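Engineer: Turn these sequences into a full structure, and let the hints guide you.
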Amino acid sequence: MENLTMIKTEDQAIQFLTTLQYLYPLFHPDDDPMDVINNEGSREFNDEQCEYLSKRLDEVYNILSDPCGVVHEQIRPKMKMWRFYYNNKTK
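Residue numbers for the sequence shown follow the working numbering, so the first one is 466 and each next one is one higher.
By construction, these hints were calculated from the structure, which means they are not laboratory data. Keep in mind the model is a prediction, meaning the values are calculated, not measured. Errors might be hidden in some of the hints.
As the list claims (entries may be wrong) - What follows is a list of derived Cβ distance ranges for each label pair:
# : residue 1 : residue 2 : range
1 : Met471    : Asp512    : 16 to 22 Å
2 : Lys473    : Ile502    : 28 to 34 Å
3 : Thr484    : Arg508    : 16 to 22 Å
4 : Lys473    : Asn504    : 31 to 37 Å
5 : Lys473    : Glu505    : 16 to 22 Å
Virtual Cβ for every residue (Gly too), placed ideally from N, Cα, C.
Structural biologist: Structure, rendered in structure tokens:
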């Protein structure tokens, strides 16, 4: 796989994390894609996908100082599936 930088701006980094959250809501930026297991007990991502995701996450970490904070404070509170959690967290 080519060593091409794909994520170059803060907006791209946030969009990547947002897309990742919608597709894999329990995936966390600190997770190693190799360790993500689906509900059938198999790895969610093959080797090529893991390499791709790891490179993109490295790019995200080079742009955002706290990708995890972005996920928890900006992305998940806007997602319908997480609203109940975040709306009741402060009560």
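Engineer: Go through the numbered hints given earlier and state which of them the structure violates, listing their numbers in rising order.
Structural biologist: Per hint list: single violation, 5.
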